[in-house]
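Colleague: For the record, the sequence lines run as chains V, F and G. The opening residue of the first sequence carries number 1 in our numbering; numbering runs sequentially from there. The opening residue of the second sequence carries number 1 in our numbering; numbering runs sequentially from there. The opening residue of the third sequence carries number 1 in our numbering; numbering runs sequentially from there.
Read the hints as simulated data drawn from the structure, not as lab findings. Since the structure is predicted, the reported quantities are computational estimates derived from the model, not experimental observations. The C-beta atom is built at its ideal place from N, Cα and C for all residues, glycine as well. Be careful, since some hints might not be right.
[Claimed, not checked] Here are some chain G residues pointing at chain V (derived, C-beta under 7 angstroms):
#	residue
1	PHE566
2	HIS676
3	PHE679
4	LEU721
5	ILE736
6	GLY738
7	ARG741
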Amino acid sequence: MSQAARQIQQESNSLHEKEGKYLTFSLAQEDYGLEILKVREIIGMMEITAVPQTPEYVKGVINLRGRVIPVIDLRLKFGLEAAEYGERTCIIVVEVQSEMGPVQMGVVVDSVSEVLNINGDDIEPAPSFGTRLKNQFILGIAKAKGTIKILLDIDRVLTSEEMAGLEILGG
Amino acid sequence: MGWQNVSISKKIVLGLGLTLVLLALLGITSYMGVGRLVQDAQSMIQANKLDGLLAQREVDHIKWVDKLLDYIARGKTKKFDLQTNDHECGFGLWYYGGGRKDAERMVPDLVPVLKEIEEPHRLLHQSALEISKSDQPFEVFESKSRPNLQKVQALLQKARQLTKSRIAGEEAVAATAVSTQRNIMVIGLAAMAFGLLIAVFMSRGVSKNLTGITQQLEEAAEQVATASDQVSSSSQSLAQGASEQAASLEETAASLEEIAATVKQNTLHAEECNRLVILTNEKTREVHKSIRATKASMETIAQSGDSIKKIIKNIDEIAFQTNLLALNAAVEAARAGQAGAGFAVVADEVRNLAQRAAEAAKTTDDLIGETAQHIEIGSNQIQETLTKFYDMGDSAKKVNQLVGEIASASLEQAREIEVINRASKEMDRIVQQNAASAEESASASQQLTAQSHQMKGIVDDLMSMVSGTANGKRQEKNGRPLFRGRMNSMRQDLGIAPREKNVLMQEHPSGEVLPEQIIPLDGDSFKKS
Amino acid sequence: MTDQAPKSQELREGLEGLALKVVMLEEGDLPGLGAFLTHLEKIQATLPADHGPEVALLFQQLEDVGNKLILQEIAPVAQAQELLSQGVSLLLTWARENAFPAESEPWKVYCRGAQELGVVKAEKGVPKSEPEAEAEPEPAAAMESQIWEDPELVANFIAEAREHLEGIESGLVHLEQDPTDLQAINAVFRPFHTVKGVAGFLNLPQIQELSHELESLLDEARSGRLQITAPVIDLILAGVDRLKDMLDDLQEALSDHRPLQRFDLQDIKDTVKQVQHAGAPSAAFEPVESVPPPEETAGADMDQALQELQAQEKAPPPVETPAAEEKAPAPAVAQPPVAQVKEQAKEVKRPPEAPAPASAPEVKAASDAQMPATLKVDIAKVDNLVNLMGELVIAQSQVRQNPHLLTISDPKLERDLAQMSRITTELQMISMSMRMVPIGQTLRKMVRLVRDLARKSKKSVELHLEGEETEIDRNMVETIYDPLVHLVRNAVDHGLEPTKERQALGKSPEGHVWLRAYHKGGNVVIDIEEDGRGLDRDRILAKAQERGLVQPGEQLSPTQIDHLIFEPGFSTAEKITDISGRGVGMDVVRLTIERLQGKIEINSRSQEGTRFTLRLPLTMAIIDGLVVKVGKERYILPAVAVRETLRPAASDYFTVQGQGEIIKVRSQLIPLLRLHRLFRTGNGDMPPTEALVMVVEHEGKQQGLLVDDILGKQEVVIKSLGESFQKIKGLAGGTILGDGRVGLILDLAGIFALGQA
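With the sequences and hints as input, model every part of the structure.
Modeller: The structure is reproduced here in structure tokens:
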């Protein structure tokens with residue numbers, strides 16, 4: 001399937017179709033959700049080898065059981081203030097669809113919360129007013145357990161033009 | 001005034017002397033006169049004896065010459081036994097022995113004669129020898145023996161005459177006895193006259209001197225009496241003062257005793273204090289030790305807290321990892337779809353447990369943190385306490401030191417006081433002695449007064465002995481004012497206030513002090529003495 | 001033949017193994033059947049040369065039955081299996097007694113059974129299946145979803161089919177030169193058959209259909225009814241191209257989960273019919289004839305046979321095991337489930353000796369009886385294995401460096417650890433070598449290319465391949481393909497003169513192109529040589545001056561002039577043909593080779609020819625690297641590039657206003673690059689006199705790189721940083737260092753470029 005087709009398909013999906021399990025995590029006191037099927041695994045913080053000539057939010061690469069995968073700091077990616085990595089800081093390894101096929105990437109988040117089942121009824125479209133995040137990064141806003149979770153479209157977050165830019169920059 | 005000035009004893013000695021000289025002259029004249037008589041008598045005896053001796057010797061020699069002639073005559077057939085040595089013959093023995101000297105002493109005129117005799121005598125005796133030896137004995141006799149015999153006989157004749165001249169003065173002896181009788185008579189008479197004269201002179205001079213001296217003696221006795229009165233009274237006051245002094249000294253000594261006692265007590269207290277301070281120090285050390293022990297155990301608690309913290313961190317870490325595992329399991333379960341639903345529940349449970357563990361760990365950690373904080377505070381306080389303790393220890397040490405110093409100072413003080421005490425006792429003793437001496441001198445001065453009065457009586461007696469009437473006039477002449485003025489000036493010189501006389505007078509109101517007693521001696525004689 | 005006895009011993013053992021497999025066979029036991037066929041093939045390879053015709057027939061029939069069983073083309077399965085066991089026991093008797101019991105009862109029983117199953121007329125089964133295939137599209141469509149149910153199987157099929165097609169291509173090229181070579185025909189025919197069979201099994205009707213068409217065409221030729229002519233070859237090649245397209249489509253469909261495209265096969269079918277009718281009026285043929293065709297090839301030219309044999313080798317029955325994973329519970333088979341394993345006659349290693357499936361007496365096949373068994377393994381698994389081996393080595397070094405462990409002085413522990421490290425090192429080496437593949441496959445791809453080029457440019461070209469067995473890293477094979485194509489194209493298009501010109505020059509009319517691969521000094525060297533006109537240095541120089549690459553009057557050595565063609569955008573072709581002059585230029589060739597840590601050299605003589613020499617490291621996976629410290633980061637420099645390491649004296653260090661820093665190394669001035677600044681590691685710059693300068697060389701230029709320290713030298717496994725970082729200048733990749741962290745490997749070309757920027 002082509003990227004375009006996938007996009008069309010996604011856009012045609014009603015919010016109800018977004019219901020399912022999400023991995024929630026927090027980032028600067030805000031809760032976010034990631035589609036569980038995008039998540040490969042969650043690992044604790046480990047030493048990251050910085051890669052020169054990359055944007056600031058690209059923290060570098062890590063050794064994930066013999067594989068070298070890039071790591072993105074989501075705070076920096078979202079333009080939030082950088083934070084010290086602590087005990088609760090985690091790397092969520094996600095598998096995103098890039099133009100070159102599935103790619104595993106690490107995403108640094110403040111802490112990982114839980115796996116939540118979110119009902120379609122609880123999902124609302126992303127508000128149109130400006131948030132820190134570009135609207136296209138957001139699948140929707142979910143209410144769960146009394147808080148608001150921002151459901152991220154991690155494919156877009158990690159394969160957006162910025163990432164392309166990273167390549168240009170690197171190239 | 002030559003005689004006048006000669007002392008009584010000299011006048012007496014001179015008068016008696018002169019008399020004795022006359023007596024001696026008398027005696028000497030008598031002795032000598034008798035002596036001469038005796039001498040004359042003895043010389044006559046001896047000269048008779050010598051005359052005899054000499055006459056013998058003359059005979060001897062005539063006999064010897066007879067023998068010699070006989071010898072010659074017999075022609076030497078007979079043994080020769082004549083004395084040929086001049087020294088061995090009778091005459092030679094007398095001549096060369098003492099006889100000649102006694103004779104020469106008795107009759108000095110014999111000396112030349114005797115001298116002359118020696119040569120012929122020797123030649124005589126020699127001629128004998130020569131005859132014996134010579135063949136012509138006679139001629140030798142005629143030439144030698146004879147002349148010499150004649151010369152010796154002549155000389156012996158002359159010596160006899162001289163001796164007989166000595167015996168010849170009996171009429172001169174009688175004349176000497178008569179002149180001796182007369183001289184004794186004259187000298188006796190002169191000595192009697194002279195003695196009488198000297199006696200008159202002497203009695204006159206002695207009585208005159210004695211009178212003057214006695215008068216002066218009287219005056220002096222009076223003055224002595226007065227002075228002794230004064231001495232007596234001041235001795236008394238001295239005695240009194242001394243006893244007063246002794247009393248106050250005793251008081252001082254008593255106070256000193258007290259001080260000494262106090263100081264001793266002080267010393268004891270200081271020592272006690274020192275002991276207590278040392279005790280306190282020990283206690284402090286113990287307290288210090290226990291504080292330190294407390295501190296150490298608090299530190300141990302803190303360390304244990306740290307260990308617990310580490311363990312809790314571990315637990316927390318495990319919980320975190322478990323949480324991650326559970327999340328990963330949940331992810332896997334979600335991937336497995338419906339088949340993983342059950343597993344998802346389990347994973348959720350595990351996650352819950354992990355979270356509870358994490359929370360519990362956190363709570364515990366907080367508690368431990370609080371504990372640690374309290375321990376920290378406690379530790380600090382203990383530290384502070386310790387610091388203060390150290391300060392206290394310093395002060396205690398200082399106190400200890402000071403108390404020690406006080407104690408030693410007290411001891412020193414006590415020693416000093418002891419010394420003072422001894423000194424005061426010595427002083428007391430001396431003052432007592434002083435007082436006694438003053439008493440003694442007071443009584444002595446009273447005695448003196450009494451004796452001066454007695455002396456005055458004796459002087460009066462003497463006066464009356466010297467001359468019974470001269471007393472009254474002399475009293476009129478030497479008035480009181482004169483005396484008094486003198487006394488005053490004298491007092492002033494001694495630094496005694498004049499008014500004290502009254503005191504003295506009042507203090508001695510007894511009739512012992514008579515007005516006469518304080519009348520001084522005649523000013524002139526005062527001056528003279 | 002001197003070692004007859006051991007051979008027969010071996011043969012007997014092999015047959016006993018075969019018998020065991022037959023006994024174990026169950027209905028639908030595809031892995032078992034696959035194993036059986038593989039084993040059979042292996043035995044055939046060890047067959048003594050003097051076996052009788054019955055034996056050959058027996059082998060042929062057994063294989064046929066086995067194939068048919070897999071393809072489910074044979075009716076009562078039980079009976080077929082019975083037949084197999086009878087055949088095998090016959091073979092055993094033969095092997096024991098050293099004489100075929102042609103008159104015995106079992107043989108007769110077997111022949112009867114074979115007849116009943118229609119195996120005797122084996123070849124008849126092929127045309128018979130035709131209508132089946134034709135008829136299949138309908139059910140296939142219904143079962144389309146089946147493809148996706150086992151994508152792994154399909155992916156395997158694609159890879160295998162492509163391999164077969166490549167074999168077909170190179171076989172065809174030879175066939176073209178000797179159209180009568182039956183061996184060659186067979187070598188081309190068999191792959192088609194295999195592809196057809198598996199495609200049928202996998203419900204790929206179109207592929208099955210097309211391969212069937214081509215197979216039948218070749219069958220005609222095999223039976224001598226059809227003359228192999230150039231148009232026939234072209235037709236087949238067109239068919240092969242179409243099949244390749246279909247495979248591409250299949251692969252795409254597989255990854256994108258979309259339905260297959262439909263291809264129009266009518267044109268090919270028509271042509272096939274046409275050709276069949278034209279070349280062979282009579283479609284009937286005797287199957288019996290075709291069974292022992294190899295015998296007819298007895299007098300074939302040796303050289304030809306060589307090529308054919310190679311091609312034929314490709315033919316061995318495809319491994320049909322894939323099906324097993326889907327269907328078979330495979331209880332009785334002692335084979336691991338992983339077994340997409342085909343014991344494969346190693347085609348390249350010993351192509352000359354490989355015997356024809358049916359006995360070829362003159363080929364001394366017996367001499368390589370111990371053909372090593374090989375496995376075909378999913379490359380991803382090998383990669384994974386290599387990765388894990390790297391991990392294992394790292395984990396081991398971490399264990400060994402554990403401070404607690406260091407305090408223990410136990411001789412036994414020491415020994416055990418040493419033993420472990422020896423084993424792991426060996427394991428790593430072995431796992432590395434597993435990625436090594438013979439280069440022959442790549443070289444053979446050039447055969448068709450040369451043919452096509454020659455035809456298009458109307459030149460007569462002979463391609464000589466040498467050292468096909470040379471092993472090279474699998475990853476590298478793919479990468480060097482494009483540069484090789486380019487170089488071959490250039491050689492044919494530009495290097496070789498047209499025939500007439502050659503003749504005029506007194507050269508042989510046909511041009512020669514040599515592709516040689518060999519190992520030399522720890523490198524793989526590939527020569528591309530032609531005997532053409534050589535490089536025209538005057539023109540190169542003129543062009544370079546025109547482009548401003550060379551200043552007029554600049555004196556260049558011939559080699560330097562030759563190397564100018566590697567400059568970007570440099571092309572000397574006067575007219576752009578559709579062969580050369582498009583796509584990559586020589587600069588890209590060079591870049592690609594250098595990216596592989598390799599080098600390219602030119603050796604050219606006017607009118608005599610040109611030789612391009614590619615020097616490549618044995619493997620891309622491991623490089624010898626120096627671990628350097630820059631700030632808190634560690635980087636790895638390829639050790640080969642490092643000339644020397646020094647700490648410059650203050651007197652040897654200069655700054656040039658606006659030009660940067662320079663150090664003097666033995667009277668040579670070398671520009672200094674600070675890696676701190678280049679990579680903005682954000683650490684304070686050290687004065688060069690306190691740091692280390694590593695003098696590195698790249699493309700003949702030297703640069704000094706300023707680093708803090710050298711931490712050691714070690715062989716590191718290169719790992720991709722992933723697509724995101726693919727294009728970062730100065731980084732060639734990453735690796736896992738001893739402490740488990742990722743270290744970045746420096747790319748000198750990129751660093752030099754950065755340094756000049």
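Colleague: Look at each hint and say if it fits the structure.
Modeller: Hints, one by one, checked against the model:
no.	hint	result
1	PHE566	violated (21 angstroms)
2	HIS676	violated (10 angstroms)
3	PHE679	holds (3 angstroms)
4	LEU721	holds (6 angstroms)
5	ILE736	holds (5 angstroms)
6	GLY738	violated (11 angstroms)
7	ARG741	holds (5 angstroms)
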